[in-house]
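Novice: Protein chains in written order, with my numbering: chain A, 1 to 170; chain B, 1 to 170.
Quick caveat, the hints were computed from the structure, so don't treat them as lab data. The beta carbon of each residue, even a glycine, is placed where N, CA and C say it ideally should be. All the pointers check out, no bait thrown in.
Derived list of chain B stretches under chain A, where covered just means 3 residues or more per stretch with a C-beta under 8 Å from a C-beta of chain A: (1) 13-22; (2) 52-65; (3) 78-92; (4) 95-103; (5) 130-138.
There are 2 protein chains.
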Amino acid sequence: MTTTDAHPTTTIEADPDVPTVRMVREFDAPRELVYRAHVDPELVRQWMGPHSIAMDIEVWDMRTGGEYRYTATRDGEEIAHFYGAVHRVDENERIVQTFGFEEMPDAVSLDTLTFHELPGGRTRLEALSVVYDFEARAGMLASGMEVGVDEGYAALDDVLARLGGAAERA
Amino acid sequence: MTTTDAHPTTTIEADPDVPTVRMVREFDAPRELVYRAHVDPELVRQWMGPHSIAMDIEVWDMRTGGEYRYTATRDGEEIAHFYGAVHRVDENERIVQTFGFEEMPDAVSLDTLTFHELPGGRTRLEALSVVYDFEARAGMLASGMEVGVDEGYAALDDVLARLGGAAERA
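Make the full structure from the sequences, and use the hints.
Specialist: Take a look at the structure:
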């Protein structure tokens, strides 16, 4: 596996007709690894969110009918409490879940993560979120989410490179 | 408590700008009872869905991070398997959950039930659903959902009248 300093970009699209946000990112790793890095909490904590923020995962039960809950901390201070319910998990293919945080109890999105297999052992990850109205989406886009996404996915590249290397050595 | 044969109507609105469906129905019962009839599976099975269909509830865990699952049967034959994950429950006030069924694994909605207290011990229930696109919403509206809603809520009127009567006798 080749790794480079230049990480692929994440495309973030706001649909003009419906209050959705679509994020697309490619990874230089097989679909099973990208999926595993989303359902195994030991791996998730290594990459999720911006660099400056640590994720303290309390619950990460990625099964149909499961749930998750984690606290974001910066320099040991709790800054946000995220949680959601897991609607459906199709192994290696799709995760459908909700997303919210205690600091804004009315904010909620329905998120579908789809893991697409690409040629050459690569993967395209698509995350499609829908919220109740365009105002809520504007708030979501204005939240600085792209920093967490870009930095998180760059860290995920590194996690996947380690996992892939480990798989090659095994 | 007065009950009449003429049940209140349910308003079902499709928003022109976003793929949501809003259902509003008033009940002649206090908010705590209407809420209880949604979270207690012994009560839910007495009213949910059309008359002709029985609900076999396998899981009904109405807490933040919970889940539910039930099978609809007609004359003993299984006709659909419904399930969802519970994003958030604010007791007596609000339930936010997902909704899907095994027969159409891509179909999913995010549903918020809000229990509004009205004067005179009455309650307005609002159910706001959002789906990913207008096509999915059209399918939802064309599914005959209003029959299940109208018949189910008429049965809920009866359940609430019994609960209210029991509360008065106690």
